[in-house]
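Between the sequences and the hints, there should be enough to build the whole structure, so can you do that?
Keeping their order, the protein sequence lines are chains U and D. Taken in order, the first sequence gives residues 18 to 419; the numbers are from my numbering. Taken in order, the second sequence gives residues 1298 to 1817; the numbers are from my numbering.
These are computed hints drawn from the structure, not numbers from a lab. Careful, some of the hints might be misleading.
[What the hints assert, rightly or not] Straight line, CA to CA, 25 angstroms or less: simulated DSS-like cross-link-like pairs of lysine-lysine:
no., chain 1, residue 1, chain 2, residue 2
1, D, Lys1585, U, Lys236
2, U, Lys300, D, Lys1632
3, U, Lys419, U, Lys70
4, D, Lys1493, D, Lys1399
5, D, Lys1609, D, Lys1570
6, U, Lys28, D, Lys1440
7, U, Lys419, U, Lys355
8, D, Lys1710, D, Lys1699
9, D, Lys1612, U, Lys35
10, D, Lys1708, D, Lys1640
11, D, Lys1493, U, Lys26
12, U, Lys70, U, Lys140
13, U, Lys419, D, Lys1299
14, D, Lys1715, D, Lys1632
15, U, Lys291, U, Lys267
16, D, Lys1546, U, Lys419
17, D, Lys1723, D, Lys1494
18, D, Lys1395, D, Lys1715
19, U, Lys395, D, Lys1383
20, U, Lys395, D, Lys1546
21, D, Lys1712, U, Lys236
22, D, Lys1585, D, Lys1609
23, U, Lys23, D, Lys1493
24, D, Lys1715, U, Lys300
25, D, Lys1708, U, Lys236
26, D, Lys1632, U, Lys419
27, D, Lys1609, U, Lys35
Here's the letter readout for the chains.
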Amino acid sequence: MASPIKSLKAKAFLPMLKARQARFEAAPAALPAGSDQARVIARALHPHRQYLKVAAVTERAADCKSFTLVPDPARGTEALAWFSAGKYLTVFETIAGMPVTRAYSLSSAPRDALNGQYELTIKRVDGGLMSQYILEHWAVGTEVEVSAPSGNFDYQPLRDAGDVICLAGGSGITPFLSMAHAIADGDEDFSMTLLYGSRNAESILFREELDTIAAKTDKVRVVHVLSDPDAAAALPGAEQGFLTAALIQKYAPADAPYSVFLCGPQQMYAFVDKELETLQLPKKYIRHEMFGEFHNPASQDDYPSDVPATVQITVTIQDETTTVTGSSADSVMQILEKNGIAVPSRCRSGECGFCHSHLLSGEVYVPRQLEYRRLADKQFGCIHPCCSFPLTDLVLNVPPAK
Amino acid sequence: MKEYDVIVIGAGNGGLAAAATCAKAGLSTLLLERHNIPGGSASSFVRGRFEFEPSLHELSGIGTPEEPGSVEEFFNRLGAKVDWCKDSSTFRLVVPAKEGDKDAFVNENGVLVTVDARMPVGFEAFSRKLDDLVPGSYESAMKAFRLSERMYKAFDCLGDADGIAGVLKALPYMPDFMRMTSHTLKEGLDALGMPKKAQDIFATYWCYMGSPASRFDFLYYMAMLHGYIKNGTGIPRLRSHEMSLSIDKVIRDNGGDIWYNSEVTKVIMENGKPAGVVVNGNKEVRGKRFICNASPNFVWSDLFAEADIPQKQLKMTNVRPVAATLTTVYLGMNKTKEELGIKDYSVFVAPCSDSDEQFALCQDYFSGYCIINCLNEIIPDCTPAGTSQLFLTSMTFGDVMKDIQPQDYKKFKTKVAKDMIETCEKALNLTIQPYIEEIEIALPPTFSRYLNTPLGTPYGYMLDMWDSMIPRTLQFMQDQPFDNFLFCGASQERGDGYGCAYHTGEKAANLTIQALKEGQ
Chain U
18 MASPIKSLKA
28 KAFLPMLKAR
38 QARFEAAPAA
48 LPAGSDQARV
58 IARALHPHRQ
68 YLKVAAVTER
78 AADCKSFTLV
88 PDPARGTEAL
98 AWFSAGKYLT
108 VFETIAGMPV
118 TRAYSLSSAP
128 RDALNGQYEL
138 TIKRVDGGLM
148 SQYILEHWAV
158 GTEVEVSAPS
168 GNFDYQPLRD
178 AGDVICLAGG
188 SGITPFLSMA
198 HAIADGDEDF
208 SMTLLYGSRN
218 AESILFREEL
228 DTIAAKTDKV
238 RVVHVLSDPD
248 AAAALPGAEQ
258 GFLTAALIQK
268 YAPADAPYSV
278 FLCGPQQMYA
288 FVDKELETLQ
298 LPKKYIRHEM
308 FGEFHNPASQ
318 DDYPSDVPAT
328 VQITVTIQDE
338 TTTVTGSSAD
348 SVMQILEKNG
358 IAVPSRCRSG
368 ECGFCHSHLL
378 SGEVYVPRQL
388 EYRRLADKQF
398 GCIHPCCSFP
408 LTDLVLNVPP
418 AK
Chain D
1298 MKEYDVIVIG
1308 AGNGGLAAAA
1318 TCAKAGLSTL
1328 LLERHNIPGG
1338 SASSFVRGRF
1348 EFEPSLHELS
1358 GIGTPEEPGS
1368 VEEFFNRLGA
1378 KVDWCKDSST
1388 FRLVVPAKEG
1398 DKDAFVNENG
1408 VLVTVDARMP
1418 VGFEAFSRKL
1428 DDLVPGSYES
1438 AMKAFRLSER
1448 MYKAFDCLGD
1458 ADGIAGVLKA
1468 LPYMPDFMRM
1478 TSHTLKEGLD
1488 ALGMPKKAQD
1498 IFATYWCYMG
1508 SPASRFDFLY
1518 YMAMLHGYIK
1528 NGTGIPRLRS
1538 HEMSLSIDKV
1548 IRDNGGDIWY
1558 NSEVTKVIME
1568 NGKPAGVVVN
1578 GNKEVRGKRF
1588 ICNASPNFVW
1598 SDLFAEADIP
1608 QKQLKMTNVR
1618 PVAATLTTVY
1628 LGMNKTKEEL
1638 GIKDYSVFVA
1648 PCSDSDEQFA
1658 LCQDYFSGYC
1668 IINCLNEIIP
1678 DCTPAGTSQL
1688 FLTSMTFGDV
1698 MKDIQPQDYK
1708 KFKTKVAKDM
1718 IETCEKALNL
1728 TIQPYIEEIE
1738 IALPPTFSRY
1748 LNTPLGTPYG
1758 YMLDMWDSMI
1768 PRTLQFMQDQ
1778 PFDNFLFCGA
1788 SQERGDGYGC
1798 AYHTGEKAAN
1808 LTIQALKEGQ
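Below, the structure is given as structure tokens:
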């Protein structure tokens, strides 16, 4: 009996070849117009760079200013990228010939981006090169270069609880202010209880703005937590002390799951993380904004001894190789920047992987809490220079900071 | 200025394979990639305490020690080391019942379904299982597999033997070869007398290539299915990033250069042919020959002056429909797979069993079509103790984002993800939502951002009957734009898939190596 496949005609094959070429031949020979919407969205949300200008400066405190940034069409930015509240911008500057970058959370409402406005709020950091530079140099009209909105510190309804206790310290208020705006504008849907730690009533940032939002929506509640002795007595509704477990419990829903979001200085994380341990919340309900740049690796208990104070780094970027010298107390990224070499960077906390580079020889120390590399990266000698500290001389391959 | 023997544009799977093959052959090779890591789809990303696999379901090209698969052999040829984890399952297809379905039954999950097919590895075992599910389908399934065995022999003869001897050895297989490639999967299975319901189960993998049974050629479908069923499949232990970095290492170890964050922004033409590229808008590099892993649509619109583009390339771009686009939801779970009640690596949840009906429903979101994978089934310790990771995939066709504005995108993608999660929860009687510790959602704009393809497709052009694998392969050279510029990757003859992309990259490299030899 013939195989049943023989009922199909083999000779149907040859005409297929001709027909295919004929189909090509008959098609129009012009470039298709326009972009598909997937590409439009991708480019709108993730522009390579945004070229902006300072349109206004608002003094928030003696050492803190807000900068209103608008697009600079002359340098190619027509509109601002939309963002979801909690995202940051990386600011690119050159200070005394040294390329420097820092990540700052957007403090403005996402809606404002549609009207061509971002706001960054910058507080002076002790010994902080960038914050000092910005506070001294940025004025109306200053040209500014920033990244696309980045980061993972935004609300996700499929992951986070409907009630969120937001713990802010100092200028760590910025992403929460943006979230509060987004809730009031209907762009986010969750109930926010903001426990905002400041030293005293005078050092609170955005007090009026926060009050205005809280008055507009019952989904935002603001509680000031003041640490100076007796400071809370001067402010009705304020709590005295620090962001403790007891305080979180006081304001958290008693019978429903809640998320805790944290943003503040590294010392605040160290304190609050211990407090949170006592609450035994599932990990999914605790979210930190990034750690920030890491300093003083030698203070870590797993940091090796006998590390030379000075190291040599030979770095190849595309087809250019340079050898520089730096301090082993600095990250690989800092050493390169101090030698005038720009490195791709975004978060500077190990997390985003934007600076992903190949370590060809030598050894580095990576603080445990900043270890976000992929498994295969460790196997194949790839590092994140922003949180890698040289232990020996290094040979590196780094992508250009395009 | 240095002139490279070959410049490879794009470090996706095809570009990596091309650059590694060229570098290993001693050519001076430059691989240019716009992102900061290699692989395109073959990568990974970290969220919290989870490292997610972005795209790989499984590699059909991982065989057994006695019979290594094509992907394994490719890595062996390069000397690239990867720790493969074997998967000895294939797929489970679950079709929840609709009201009024007469043949509905309650499955092991307590869900009313019309199909629940958990298919084993091995032609015999697969066909027996199919016969259990749809009596009378054993013979037709075995016939289909025997045909695919014969087709592999034909490929071997054509590929291995020198010249005409190989062609002569392949001759006895040619009539069936021509029958299968000129008829659809549906026509083929009809001819073999396979019952309709068995055909539906048999065609489950149609989505891996994005063409349903009435538009997918019988030959290529059988070649693909053969790869999955014969010896099972595998995945790399450290996600696809391990595969990509292992090839990156081969390129470097063999003297090749790789520049990341280095986007080709223009191709320099001389005497009607590419002679170099501009990188990041500011750096010129010259090359003798080029292999391009980037999507042809955007290569033409973004890198060339219109006058320099061969007319045929524009015509091809205009007439070939873009293949499937994907949406993926990555879930880091704070429960183990046992606690969640997951028993399979790969479950295809479909609103109906017929692939053409599925295809019709996938013209937009909320189709009820979703594949759910659990990596811990193959790599139990791929997440910390007490956790697991899930990976949900759905498929769409066309510009499904057309009504979405950037500011509405987050809400929309959350809605799509919720629908996909609920589809899986219902179909498998699972509880997923309360245990999500990390989530990332990738829609076509995500793929567009990372792959830079039209509509964000990872799949290239639709493998339709008129533009199917064998005609694409036979006409490969006449479809290339310049004699020193070859394409590779998902846009080429084999469509999407890691193994397919590696193959096209290696092939373009071998043609390039040969051309340079002949030129000397």
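Tested hints:
Between the alpha carbons of D/Lys1585 and U/Lys236 the distance comes to roughly 63 angstroms, so the proposed pair goes past 25 angstroms and is violated. Our distance criterion of 25 angstroms between C-alpha atoms is met by U/Lys300 and D/Lys1632, whose separation comes to about 12 angstroms. With a C-alpha separation of about 21 angstroms, the suggested pairing of U/Lys419 with U/Lys70 holds against the 25 angstroms cut-off. Distance hint between D/Lys1493 and D/Lys1399 is fulfilled; the C-alpha atoms sit about 16 angstroms from each other, no more than 25 angstroms.
Between the alpha carbons of D/Lys1609 and D/Lys1570 the distance comes to roughly 15 angstroms, so the proposed pair stays at or under 25 angstroms and holds. Taken as a hint, the U/Lys28 and D/Lys1440 pair is honoured in the structure, with Cα atoms around 21 angstroms apart against an allowance of 25 angstroms. A threshold of 25 angstroms between alpha carbons decides the hint, and for U/Lys419 with U/Lys355 the separation of about 18 angstroms falls inside it, so the pair holds. Pair hint D/Lys1710 plus D/Lys1699 holds up; C-alpha atoms about 14 angstroms apart against a cutoff of 25 angstroms.
Between D/Lys1612 and U/Lys35 the CA atoms are separated by roughly 16 angstroms; this keeps the pair inside 25 angstroms, and the hint holds. The suggested pairing of D/Lys1708 with D/Lys1640 is violated, with an alpha-carbon distance near 32 angstroms, which exceeds 25 angstroms. For the hint pairing D/Lys1493 with U/Lys26, the CA-to-CA distance comes to about 22 angstroms; that is within 25 angstroms, so the pair holds. Distance restraint check for U/Lys70 and U/Lys140: the Cα-Cα separation of roughly 19 angstroms lies within the 25 angstroms cut-off, and the hinted pair is therefore satisfied.
For a cut-off of 25 angstroms, the pair hint linking U/Lys419 to D/Lys1299 stands: about 21 angstroms separates their Cα positions. Distance hint between D/Lys1715 and D/Lys1632 is fulfilled; the C-alpha atoms sit about 19 angstroms from each other, no more than 25 angstroms. Note on U/Lys291 and U/Lys267: the hinted pairing holds, with a Cα-Cα distance of about 17 angstroms set against a maximum of 25 angstroms. The hinted pair formed by D/Lys1546 and U/Lys419 meets the criterion: a straight-line CA distance of about 23 angstroms does not exceed 25 angstroms.
Between D/Lys1723 and D/Lys1494, the direct Cα distance comes to roughly 23 angstroms. Compliance with the 25 angstroms bound is thereby established for this hinted pair. Simply put, D/Lys1395 and D/Lys1715 have alpha-carbon atoms about 21 angstroms apart, close enough for the 25 angstroms limit, and the pair holds. The suggested pairing of U/Lys395 with D/Lys1383 holds, with an alpha-carbon distance near 23 angstroms, which does not exceed 25 angstroms. Between the alpha carbons of U/Lys395 and D/Lys1546 the distance comes to roughly 13 angstroms, so the proposed pair stays at or under 25 angstroms and holds.
Between D/Lys1712 and U/Lys236 the alpha-carbon distance is near 22 angstroms, which keeps this suggested pair within the 25 angstroms criterion. Restraint check: the Cα-Cα separation between D/Lys1585 and D/Lys1609 comes to about 23 angstroms, which is no more than 25 angstroms; the hinted pair holds. A hinted pair counts as satisfied when its Cα atoms are at most 25 angstroms apart, and U/Lys23 with D/Lys1493 qualifies at roughly 20 angstroms. Proximity of D/Lys1715 to U/Lys300 is assessed by CA-CA distance (about 21 angstroms); at most 25 angstroms being required, the pair is judged to hold.
Taken as a hint, the D/Lys1708 and U/Lys236 pair is honoured in the structure, with Cα atoms around 19 angstroms apart against an allowance of 25 angstroms. Restraint check: the Cα-Cα separation between D/Lys1632 and U/Lys419 comes to about 41 angstroms, which exceeds 25 angstroms; the hinted pair is violated. A threshold of 25 angstroms between alpha carbons decides the hint, and for D/Lys1609 with U/Lys35 the separation of about 15 angstroms falls inside it, so the pair holds.
Hints 1, 10, 26 from the list above are not met by this structure, while the remaining hints are.
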